[in-house]
Structure formats: structure tokens, C-alpha cells
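Letter by letter, the chains look like this.
There are 2 protein chains.
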Amino acid sequence: MAENRMMSLGALVAARESGKASPELMVALCRDAIARNDSKIMAFSHVAADPVIGNEGPLAGVAVGVKDIFDSFDQPTSYGSSAYAGHQPFADAAIVDLARRQGATIIGKTATTEFAFFHPAETVNPHNPAHTPGGSSSGSAAAIAAGMVPVAIGTQTGGSVIRPAAFCGVAGYKPSFRLLPATGMKHFAPSLDTVGLFAASVSDVALFAGLLTGRDLSVEPVDPGQVRVGLYRCAELGSVDAEMQDALSAAADRAADAGFDVGEIDEPPALAEARQAHSIIQDHEAGLACGPDLSRFRDLLSQQLIEVIERGQSISPQAYDEARRRAKRGRAAARLMFGEVDILLSPSAPGAAPHGLESTGDPRFNKLWTLMGTPAVNIPGFKSGSGLPLGIQAIARFGRDRQLLSVAAALEPLFAAPPNSQASE
Amino acid sequence: MAENRMMSLGALVAARESGKASPELMVALCRDAIARNDSKIMAFSHVAADPVIGNEGPLAGVAVGVKDIFDSFDQPTSYGSSAYAGHQPFADAAIVDLARRQGATIIGKTATTEFAFFHPAETVNPHNPAHTPGGSSSGSAAAIAAGMVPVAIGTQTGGSVIRPAAFCGVAGYKPSFRLLPATGMKHFAPSLDTVGLFAASVSDVALFAGLLTGRDLSVEPVDPGQVRVGLYRCAELGSVDAEMQDALSAAADRAADAGFDVGEIDEPPALAEARQAHSIIQDHEAGLACGPDLSRFRDLLSQQLIEVIERGQSISPQAYDEARRRAKRGRAAARLMFGEVDILLSPSAPGAAPHGLESTGDPRFNKLWTLMGTPAVNIPGFKSGSGLPLGIQAIARFGRDRQLLSVAAALEPLFAAPPNSQASE
Chain L
0 MAENRMMSLG ALVAARESGK ASPELMVALC RDAIARNDSK IMAFSHVAAD
50 PVIGNEGPLA GVAVGVKDIF DSFDQPTSYG SSAYAGHQPF ADAAIVDLAR
100 RQGATIIGKT ATTEFAFFHP AETVNPHNPA HTPGGSSSGS AAAIAAGMVP
150 VAIGTQTGGS VIRPAAFCGV AGYKPSFRLL PATGMKHFAP SLDTVGLFAA
200 SVSDVALFAG LLTGRDLSVE PVDPGQVRVG LYRCAELGSV DAEMQDALSA
250 AADRAADAGF DVGEIDEPPA LAEARQAHSI IQDHEAGLAC GPDLSRFRDL
300 LSQQLIEVIE RGQSISPQAY DEARRRAKRG RAAARLMFGE VDILLSPSAP
350 GAAPHGLEST GDPRFNKLWT LMGTPAVNIP GFKSGSGLPL GIQAIARFGR
400 DRQLLSVAAA LEPLFAAPPN SQASE
Chain R
0 MAENRMMSLG ALVAARESGK ASPELMVALC RDAIARNDSK IMAFSHVAAD
50 PVIGNEGPLA GVAVGVKDIF DSFDQPTSYG SSAYAGHQPF ADAAIVDLAR
100 RQGATIIGKT ATTEFAFFHP AETVNPHNPA HTPGGSSSGS AAAIAAGMVP
150 VAIGTQTGGS VIRPAAFCGV AGYKPSFRLL PATGMKHFAP SLDTVGLFAA
200 SVSDVALFAG LLTGRDLSVE PVDPGQVRVG LYRCAELGSV DAEMQDALSA
250 AADRAADAGF DVGEIDEPPA LAEARQAHSI IQDHEAGLAC GPDLSRFRDL
300 LSQQLIEVIE RGQSISPQAY DEARRRAKRG RAAARLMFGE VDILLSPSAP
350 GAAPHGLEST GDPRFNKLWT LMGTPAVNIP GFKSGSGLPL GIQAIARFGR
400 DRQLLSVAAA LEPLFAAPPN SQASE
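Heads up: the sequence lines are chains L and R, in that order. So the first sequence is numbered by numbering that gives the first Met the number 0: it starts at 0 and just counts up by one. So the second sequence is numbered by numbering that gives the first Met the number 0: it starts at 0 and just counts up by one.
Treat the hints with care, as some may be off.
Since copy identity is lost for identical chains, a pair holds within one copy or between any two.
[Said to hold, decoys possible] Capping the alpha-carbon separation at 20 angstroms, the derived lysine to any residue pairs in SDA-like fashion look like this:
| hint | residue 1 | residue 2 |
| --- | --- | --- |
| 1 | 327 | 399 |
| 2 | 327 | 278 |
| 3 | 327 | 175 |
| 4 | 327 | 338 |
| 5 | 327 | 397 |
| 6 | 327 | 190 |
| 7 | 39 | 121 |
| 8 | 327 | 267 |
It is worth saying that the hints were derived from the structure and are not from the lab.
Using the sequences provided together with the hints, build the complete structure.
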């Protein structure tokens, strides 16, 4: 199973701090794992030939896979597009520089769908190569799942962190909007483009976020009786498959058994309306942000990408402004809702990773939370009958990232426990 | 006087539409003006050798000067920094592509301070070359004032559109946040970086904004009696020079004489507090966005820029989050305030352009409105005793750009009238 191979950031950092692993060894482990596995997984679009390995900083020796949507001055950056094949940016993206300043090693660039939209990369799902790893941060999620790196960086504009994390059975964290800097990424829809992180477990991704930013995001103990957990009831739930339905029920049952204050939350009408605004905002902004590419490289873009850019350019500014107002009303409704509940639970995707590599799956459970700017975490643990991961997403109020990560870390072992270990099943 | 030479976009477009001027002729006029004047003004960092001149689109024949903080695939882009000397981006910024798609000719790149911060470009003030043109959009404002182009594009993170417009005696328009796309600019502080426009008059800048975006932003007649105009009383008013004090009083008097409903508005406490948040947000974001430059090009950056990036990197995320919360409370207070008043009047700067080229002047009257995301326009017209322009800024509620431009256009001839033509003086 893929997850047995995963590297734990916490374990690696502890080994370094106790002197059991040098930064050189930590990076060498990853290079070996990439050399052994990536010809099958195709998670990396580029692997650094001779990466800098620092001895200073909280991330010394930590090999980071960086989604190839971020500029890097020392590695080619093609944004998943043949229009940018071999493109060598002049400067790093802000998040790449931040990782380097904290001592991390940029071990390679991970495969992305074209411009982080839907046209797939070559990456396969480490749990079953006939299935998609999800997108758009395909390579970042798969690189964690296949045990090639302990941490990776991605982005989410629709569902591009949470969905591939779910399909690959890893922890994916989409922070509150602007918690991580987006400067130097290839923007698709700037008001939605959110930088996110991947690791083997929720506590690992929280540790990574904390070491990267200097924020206190590490997981702390939670008192379940003090945490109101709401199963989020929205119309989209009608479209999930039976296995996901079961996983969601089991998630609620196991949380309740562990003492969490579990209830149900109906989607407020303003959030149902905001949901409809995501595509208008995304497409209009993509029409502007990717307009230069359509103007110059049309022949090198996929039909799907051409269509969304053209559709975006045909959306009137009035419709865009109205969608922004709907999003704003939605954010106000979300604030009110998070007065009633601390953590929402929702599927990360309608089911397990679909068969085939043509589609990266469906972001319908992710787009609203990207638009709201609220933090979300994919909690791995549940499995489909065929052994594919089923991800459950936890969501919290804007700015409550640490509470979210702490609760998600408490739920993770409950979700991962085998069914027969649970009294409620 | 510089303003007598200025080119009116409205007149040029009318001439084209009536067949009196071809796009080729329109662009040739600008090329000639640049060739005659720019060796003195130094507004352009690069002039296109053989620019594309279109015959289609609402901006056909309109030569645009683009601040050299925006990427252009066919002209070098150095962000006012020797670290990027000769840098040739792979793709256009979104606003450059948008202008091209509307038929405009990108005639050249206009000089900017280093990374659009404070270290000055070589540009001089067309009204008096011993004085600063303001910054950071120095070249864009000066190119309009010197009659070299009818329109130009700039950015404002602190006061970089309104202040140079004021110092150069042109109309400068900082739209509501995200009305114009920022993708492909060299970001300094992404949550503040706002794309803005310059033209000879308020109606010209409104026409440019409308033709560029497809929004209905053209100036419409206003009924002064229906417009509540508030003289904005903040602590910073104590620091303006006597000539600006007189101009502001005259502005209020002339507006009242014209029938506007003029009163005074005291700065709400939440806005006074938000004002203090600007530098924290700007510097922290600059520490991230310009971190890659500090890491790699330190020796090629000015001391002033190094200091702000280092200061930003030392600001804690907690302080940044608190500043964001203060900004948010400020925006709520601004919404309430704009229930009481339609248009605020405030100095664009503490006085006329300072003597010398070492400093680009003081953004203290601009930073709050950048942080609030509210639209602002510099209205030219008043003059100092030595003949330098004194700019008055009008500000409106977020999204009320058309009303703002319409009222500003109605005020502009009142401000430009000689003192003895006014009964009140």
C-alpha cells in the first residue's frame, strides 16, 4: 500500500534534531525514492540535478516538491503547458524563496495540469495507476503518497489541493486566503488562487505550515466535548457515491463516539448562492490573467483551456461584479454560521479517484470553500471497497487554521481505524 | 505650460471616428512628441522601435505608455531595478494584453521607481525639471503632462497613482480594487497593489477606463444638489502646506457655489486605526513578494529597498493578521461613512511637488484609500504660487467608480478656473 511508504516530516525533523539523520541523508533518501519510483508515478516534471542542501533553518534537509505552477530560478517551469516548455523564470516565486530561507531543499517541480486547470498531467495515482491522482496539484499529492518526499506545495483555485490529496490518501491543507504568498505563481484567477500544502498526515502538514511561515500552527490537544462538529448538508450531497455516503456517516459516528459535539448544519441560502458565483469569478479572471496566453500561444493550448479563457472574456464586468457581491454575502453568512459550529465535515470529492487519466475528477465540494477563503484540510483514512482512499474534508472559520488542523489531527486516526475496531459499526 | 500641450483621448478618438485621424497618424503624433521631449523629461525607460498599430477596437491608434512594472513580451521590463536590467519577460501582463486586445498600441514602457517603491527614476516634473514628478508611476504621469501620450497605465500600493498625477497636474484614477487586473505586474504587496490609469483630464481617464474594460464608466451629467460632498477631516490635514490648505478651502467653496451639498466629515476612529495598518501589511507582504530579490540580488538593490524587505521579513504573522483585521474594520467603517456622504475631498499630497529628485514625495493622503480599496481620482486644476500643480483627490465608496468619475469631471473645471473668476474669492 502506498501509505506505508510515506515519509513523515515529524519523524524526519526529529531524526535530524537528535543527530540521527543529517540534512544530506534526508535529501538523499528522497532522491533515491524518486529515482526508484517516479518512472512509474510521473509525479515530477523536473528533478533538480544537484540541489542545494542547507544545514540551517527549521526545514534543513527537508526536500520539498514544488508544483510546477510556481517560478523557480534554477529549475525550468512550464506550468503544465507546452507553450512554456523549457521556460526558465528569472526569479523564484515568493513561496519557493520562503522555503529556501527556512532551509528547505527544492528537490524538484511536481507535475500540474495545464495552467492548474483541468487538462491532465501524466501523473498516475500511486494507489492504482489506472486511476487519476486528481488535479491540478497532481504531482504534489502523488509524490507524497508514493513516499518520494515528505512535503509538497500546491495551489487550489477550485479544488486543486483538497481533491488530489483525497484521491491520493494524503493530508492536504488549503489555508485561509493569503496565509501563504501567491506571488510568482502562474495565476489563473487571482482572487481564488490559494497556495496549499501536502504531507503524509495532518500533523505533518501542520508542522510544515508552521516551520515554513513561523506561525504557531502545530497541532495541539483538543477537548472533543468543546468542539462543535457539523456535518454540512448541501444539495451536492445527493450526488456522492454510496461509499462516500458511508464514509461520511462513519466519520460523524466516529467523531461522536470520540466525544465531539456532532450535529448537522444545513447550507445557508447565501452560501448556496455564493456557490454559483465561483465559476463566474474564476472564468472572468482567467479571461484576463490567461488572456496573454490565448493571444500569443493559442495553438499550444488545449481546447478545454481555450474554451474557459474565451468564456471568461465573454463574461461581462457587470456579471463579475454581481458574482463578487454574492461571494461577499456568502462570506458574511459563513461568519454567522461559524458562530454555531466550529468545524464542518464534508466529502473532499464525490467518491474515490475515478478510473482513467483523462479527467482529474470533480471539484464540486471544494469550490465554495476556495471562494470563501476559509481553511480546509483533507483528512485521509477511509477506503473504498477496491482500496482507494476516500477523503473527508474539514473546514473552519477564516483565520482558525490552528484549531482546524488540531481537530483534523484528532479525527485522522479515528477515520483510519479499521471498521471492526469501531463499536458503532 | 505643460498642460497646454497635453493630448486629449476624447479628442483623438473623436478625430479617428470622424475619419480626420488614422490610427497611424495618432501613433505618429506620439512618437514625434516622445522624440522631441523625452530626452528632457525622461518619462520612458523604453520606446518601442516599431510598435504594432491596429485598425480595430475601441483603442485603435491610442498610444499607451505602460509603467515598467508590467511585463511585456516584446519590450524589456526592468521594474526600475538594475537587478532586472534588460530583462525580457516571456509573456504580457494581463493589463497589457487587454489594452492590445482593445486595439491600443503599446508605445513604450514608462519609468518607475525601483520595484514601484521609493528609490526614484530619472524622470523630471514637466512643470519644472528641478522638481520630482512623484512616484512610483513617475513616467506615466510625466508622459501625460508633457503631452507625449494621451493615456498611461500605472500602479498604486501606497500613493503611486494619485500623487504623481497631482504633482504633474494630470488626472489619475485608482479604481476600486480588482477593477483592473494586476496579473503580470511585479508585485510589491499583492493585497494593496492596484492598477490605475492616467490621462489629461478626468473625462479622458474615464473614457480610457471604459474603453479598456468594457465597463460603462464614461462621465455622465450630475445634479450637484443630489451629491453630498464631504471635506475629509483627518489628523494628517495638520501637516499640509498653506497653499494646499487654500486649495482645499477653495475646492469646497467652489463646489458649494456650484450647488453641491458640501459639508465636513470627521475621520471615523476605525479609519484612523486602519491607516496605521497600511505599512505593516505592505511591508510584511513585500518581505515575502520581494524576498526572492533580496535573496539573490541584494547587491543590486537600493539600501531603502533592502531595508523595507528586511523590515517586512521581521514583522510577525500575528502582527500582520492583526493589521488585516484593523483594515477589515476600517472597510466596514468606510461603508457606514459612505451612507452619509457620496464623495470625499482630500489633498492628493501635502503640497505641490517637492524640490529635488531624491524623494518622490509623501503618500500620507493616499495609503488609507489604497488599503480600503475605494476608488480615488486626482483632480488637477489648482496651482501653487510658483505655478506647480496642486492636486485634490476625490474618493467614493467601493464600486461607485462611475459616480466618482462623473462628479470629479464636474468639479475639474471649477478647480481649474482662475481665482478671480470665482465670486467666492
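Now for the hints, and whether the structure bears them out:
1. In this assembly of identical chains, residue 327 and residue 399 lie within 20 angstroms of each other by CA distance both inside one copy and across copies; the values are 19 angstroms within and 16 angstroms between.
2. In this homomeric assembly, residue 327 and residue 278 come within 20 angstroms of each other (Cα to Cα) only inside a single copy, at 15 angstroms, whereas the closest approach across copies is 25 angstroms.
3. In this assembly of identical chains, the alpha carbons of residue 327 and residue 175 lie at most 20 angstroms apart whether taken from the same copy (15 angstroms) or from different copies (15 angstroms).
4. Proximity of residue 327 and residue 338 under a CA criterion of 20 angstroms is satisfied in both settings, with 17 angstroms inside one chain copy and 18 angstroms between copies.
5. For the homomeric pair residue 327 and residue 397, the shortest alpha-carbon distances inside one copy (13 angstroms) and between copies (13 angstroms) are both at most 20 angstroms.
6. Within a single copy, residue 327 and residue 190 get their C-alpha atoms as close as 12 angstroms, and across copies as close as 17 angstroms, so both meet the 20 angstroms cut-off.
7. With identical chains, the CA atoms of residue 39 and residue 121 are at most 20 angstroms apart within one copy only, with a shortest distance of 10 angstroms there and 56 angstroms across copies.
8. For a Cα distance limit of 20 angstroms, the shortest separation of residue 327 from residue 267 inside one copy, 14 angstroms, qualifies, whereas the shortest one across copies, 23 angstroms, does not.
Hint compliance for this structure: every hint is met.
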